[in-house]
Amino acid sequence: MRCHIRIRSALRSGTLLCFAWFMLFVGCERPALSPNGVVGVFGSLGLGDGDFHYPRAIAAEPNGSVFVADKTGRIQRFSADGAFELSWHMPEYEKGMPVGMSLHPDGRLFVADTHYHRVMVFDRDGNQLAAFGELGMGPGQFQLPTDIAFDAEGNIYVGEYTENDRITKWSPDLEFVQVIGGDPIEDKRLNRPAGVIVDDEQTLWVADACNHRLLRFTLDGELLMAVGHFGNAPGEMRYPYDLCLAPDKTILVCEYLGNRLQWFSKDGRSLRIWGVSGREVGQIFDPWGATYGPGGRIYVVDSLNNRVQIVRP
Amino acid sequence: MTLALSLPFSFEEPTWLWLVLLVPVLIPASLRSLAGLDPVRRVFSLITRSVLIILLAACLAGVEHVKRNRDLTVMVLMDRSHSVQMLEDVQEEYLREISKDIPPNDKLGVISFARNAYLEQLPMRGGYHIPPDRLSQIPDIDRSDIASAMRLAMAMFPHDTAKRVVLLTDGNDNMGDVLTEARRAKADGIPVDVVPLWYEHKNEIYIDRLLAPTYAEEGEQVPLRMVIKSERRASGTLSLYHNGEQVPMAPEDAHVELQPGGNTFFSKLTARSTGDQRYEVYFRPDDETMDAVSINNKASAFSFVQTSSNVLLVTMDRLFDLPLARALESENIRVDVKTVDELEQFDLLRMMSYSTIVLANIPANVFTDQQHEQLARYVKDTGSGLIMLGGDEAFGAGGWIGTPIEDVMPVSFEIKHKRVIPRGALVLIMHSCEVPRGNYYGKEMAKKSVDTISSRDYIGVLAYSFSPGGNTWEVPFGLNTNKAAVKSRIDRMQIGDMPDFASTMRMAYKELTSGKGKDAAQKHVIILSDGDAAPPPPKLLDDYKKAKITVSTIAIGWGGHVMTRTMQDIAKKTGGKFYAARSPRALPQIFVKESKIVRRPLIVDEPFQPQIVQAANELLSGLDYNEQVPRLGGMVLTSPKPNPNVQMPIVRATKDGNDPVLAHWQCELGKTVAFTSGYWPRWGEHWTVWPKFAKFWAQVVRWTMRQEAPANFDVYSKIDGDRGRIVVDALDKDASFLNFLQLQTRLVGPDNRTAPLQFYQTGPGHYEAEFSVEKAGEYLAAVQVYESGRSRGTIRTGLTVPFSPEYRELGTNEALLRRIQEITGGRWLELAEGPREHDVFRHDLPPAEAKKPVWDWMLAWLILPLFLFDVSVRRLASWLALSIVVEALLIVVLLVGFEMRFTWWGVLGVFVLAELIGWTMRWRYIGPLFDYLTHTVTALATTGERSRTALEQLKDTRERLREDLEEQRAEALRRLAGSADAEVPGIDRTRRFDVGDQRAKEEVGDLTEALGGARAGETYKERRRAPAPATKDEGEGESATERLLKAKRRAQRDMKKED
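Keeping their order, the protein sequence lines are chains Z and U.
Under this note's numbering, the first sequence has 218 at position 218, and the numbering climbs by one with no breaks.
So this note's numbering is basically just the index in the second sequence, starting at one, shifted up by 313.
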């Protein structure tokens, strides 16, 4: 009996030990790198492939690759897990580099070539397909374009700032259609519309960065809603720089100075907040953009930390 | 490699490790003191104590964790100077070749150097990343300074990898001290692998020298001698320039044939004007292929044409200073009046052709930093005079604070004494600029502003910071008292990308209107930006205007984009100025000009009567105390320097003390005068009509003038290789030699650095001095001649090095490169061997070590827990308790000390490990626990039946008891009936339920057992192999103590058996 119990307890201890080692070194699933759900980080300061020098713009294919533009004037393509695939340079980048880009539903990459006052269109391998816009304040002209959005009919919306803060609407064949948001809203003109998206209900959302608010328009430019002001509380924003439509049809806002992501419902309620400022994994520093990418994960451009963090939604 | 190298820790003071010898001493001692413990615990305790002593010794020895890294960082230094310009592609190709197949964690950094060193690529993985034709365009390629490149490389090495420098150069180092840097590299264990860039110019022509006499007379024919060196026979055309104008030459004189070696040519030119005469000669070969380097086909020289009392009056407006010019001419002083725009080539040589320079209300920003430096040298080292005349653009109000000119003036431009002077407030808003080096220039300019304003002014610097929080006061708004501290904060500042101007402008507005700056008399904001931040709202600009805060905007962007409209708008609406800086060169002047705006409070714009306080002063001879100088309409506030040499003959007397109006002193060799007011209509209308105006100013100017040596001193200079030589032949007026003169001077080099020059008498009346001429440009000296301690005046002299030695190099300097390689223990790598053969990324260097002291961690997380463990082992008798203590210690140490708490699997692992160890220690309890659990289950299942049996037994017992009692009572009654005397026993209440010891024991035992438990005081095992219950006879007749003792022995016996 005594011997029997000893064997049993030894067996039990052994099982427990094996389980512990298993948990320690194998793991049931890949653990998060930070308590707030970061599952991957890629990029570090540098000029090489997969390195970043102040990344600022991001766009992601729903089930493919992720594109990141940084201050070297490069656009790099990464796999969903952050493995470098390829890169190309903007045709010119001495004067400045792009700050925004978006993927067209047909797979074309539209890049706001900010400091050259135009929008450039590439395929996913970096071949230039088209370019439109020129410096100016008139119709069909840009002054520092920031971001691009597309509606279901294929119309294109481009935000621009400095002395000419507005959204311009372009037809699918790149003809100028109209100006949106050119007039003051609640006594304040648009001030650096840094992010634009069109949601599933075919309304246009604009991140009015320096007025720290979100604006919602019909696709014809009629204002539906303006929400938010400067602050740290939920529902308030500090320099919203980028927008993205979440799979649950909420609006993801990336706050540059706020160092956080904030989700808004379509009626303008703050639903959730993620992120704190800092250098560690799970902390972000002056993020310029965030997007939902492959696998429904969120890719955050952690600009001052020269990396992209992948967050489990 | 020794064993010590591979250990992951090291010790700061290994002597303490001798304490480990205490361990063998401790073991026998402890064996005795721990004799009371059982052997297992004794062993545990001994081990713990030994480990504790070892750890304590390690702590005292300053144990450090050593992280060794075998990764390698290679810094490649590329020579981009003129001499190897043609080999730039070769160097890049070399970089690309060595980048192939490098180990994945090794880093490559690239530095370009010529006169300065520039970082092309930070040390990074993956080799050479710079795309073709993207190397930065570096300025000043007329020099090579390998030393500066080595310094930069050393600074750029990451600390945690092995390091190697690869030097690609021709070795023609003509600045700096490369061998010192090589020794430093050696000391740091950094080998320098040298890759020599070989070249040889076979066809080369250069002008070796152009010689002209140092002094000439006006109208005299000045003889020029030029030496042209050629490697081969060649022909070409000479052209000669005099003061910038080409001298017409006959074709047969101009076209010359060159023989191999030196070719000497002569020419004569007429000195047509006074001052400095500059000569330049150029040679153009007929066949361009005969000359590899064309930049060395020129030479220059100069002469001074002697004049007496030559004064330069620098003015902003000729009309304003006409009265002074006329007054001086009426006193036979020759005056050259020039507006700032007319000052061409205003360098030290030009300055030296004047004995005194007068700056009449000139702001600092009209001169470059170099000209400031040269003006100061002009005074200090050439013994000339400088007079600064006040006005609202001079002294502190003119932005001269912090310049070298302030150093040479008798007054300080800051107000030091405690009077209340309205303060100025300056806020700089720095926006990150996308143009190359934009932020660097931004910082340099911010530092310039700090220097320009007074230490009594406020300054603050706002930027979109790299630290969390965005817009921050990188330099908190406050007094500019500690300029060095403010500048170092600016240096550390990292300028981020500011989204809009409004936020920072609001912060500035708040400080300037309601913060510390609200009392400032002059509030000014400077914004430096490339203009792509969002514009401020109009209301904010209105607020600025109302609060009288001016905002000047500087758009920075050379060749890049600048969104100027926003910035123009801000400046226009707030009353500031807008500047578009298209080149970094324009920035310093703009910043000085803008920063000095806050110095307006230094101007006193009210009439006053100047007081003469030193009538015996040499500048005021002819005036006395009773005589009054005319009234003045205003002045610039300054404070006299606390130096006994400073004389302050005329002052403005106020209740706070005297403000200098006229002050003078001798500053090293030269003399300077500060007149803080002005003589033009606004302040000095009474002065120009004052009868003694001309005499007064003539006295002032004459006092400052440099005294020229007698003309019978013959001076000439020449260059021999890299040595310059000045020769003075001194004769007195009887043409006899002057011996034993003391000649003193400091030589001012092309970079404005000075070095004392030593003259030696090498013959009767013949004096010589030698110096090295490493740099191209003018070497100037004003030699002070003393005879028996008495000054005999000054001789001006100097020479011109026409081009950098870089352009004289005809081949690779192998000797120097070999030296560098030998000193540092590097390798000699020939390009011809092929870059892949060089294997510059080979890992043959000792690994880099990063040390971190860990004694404090060890104390908290190893020594303290072990100490607690030691105490527990000895004091806690129960293994159960001991195991719990060990578990707790393990959990705390692993979770907190080893930081396993950050992942859930870490936490889980720690708990599992602790439980495993805990249960191993209390393994005896595993069985009982298991049995207890199983018994409990079975017991629970049969609880009802057992209870019933027990209850019936109880009832049974009670019945028997009652029967006994009744029997006893009946017995007693019977006895009572038999004998009346007999005692009637009472009911013994204590025995009411007493069924006798033996019986009670059985019953209770049954009950306990019935309930599924062990008997009291017994362990499970005891019970299982317990001997048969003590028989009655065993207990009979024994005392309680005896029984106890027996029981104890039995128990001990049992325990031993079990062990």
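I should point out that these hints are in silico values taken from the structure, not numbers from a laboratory.
Ideal placement from N, C-alpha and C gives every residue a C-beta, glycine not left out.
Mixed in with the good hints, there may be bad ones.
What the hints assert, rightly or not - Here are the simulated distance ranges between beta carbons: (1) U:A1068 with Z:L45: 39 to 45 Å; (2) Z:E85 with U:Q807: 29 to 35 Å; (3) Z:G107 with U:Q881: 39 to 45 Å.
Claimed, not checked - DSSO-like mimics (lysine-lysine), calculated; alpha carbons at most 27 Å apart, straight line: (4) U:K761 with U:K515; (5) U:K954 with Z:K71; (6) U:K413 with Z:K188.
As the list claims (entries may be wrong) - Every beta carbon over 12 Å from chain U, so not counted as near; a handful from chain Z, in silico: (7) R77; (8) V121; (9) E153.
Inset, instruction - Find the nearest Cβ of chain U to the Cβ of Z:R77 and say whether that gap is larger than 12 Å. - result: holds (17 Å)
Inset, instruction - Assess, step by step, whether the Cα of U:K761 is no farther than 27 Å from the Cα of U:K515, and give holds or violated. - result: violated (48 Å)
Legend entry - Restraint status (C-alpha distance of U:K413 to Z:K188 at most 27 Å): violated (56 Å)
Legend entry - Whether the CB-CB distance between Z:E85 and U:Q807 falls inside 29 to 35 Å: holds (31 Å)
Legend entry - Satisfaction of hint between Z:K71 and U:K954, Cα-Cα up to 27 Å: Outside the cut-off at roughly 51 Å; violated.
Inset, instruction - Examine each Cβ of chain U, and state whether all of them lie more than 12 Å from the Cβ of Z:E153. - result: holds (31 Å)
Legend entry - Cβ distance range 39 to 45 Å for Z:G107 and U:Q881, holds or violated: Hint holds: Cβ distance 43 Å, inside 39 to 45 Å.
Legend entry - Interface-negative label, Z:V121 against chain U, beta-carbon threshold 12 Å: For Z:V121, whose nearest Cβ neighbour in chain U is about 21 Å away, the distance exceeds 12 Å, so it holds.
Inset, instruction - Starting from the range 39 to 45 Å, see whether the pair U:A1068 and Z:L45 falls in it by beta-carbon distance. - result: holds (43 Å)
This entry does not satisfy hints 4, 5, 6, going by the numbered hints stated previously.
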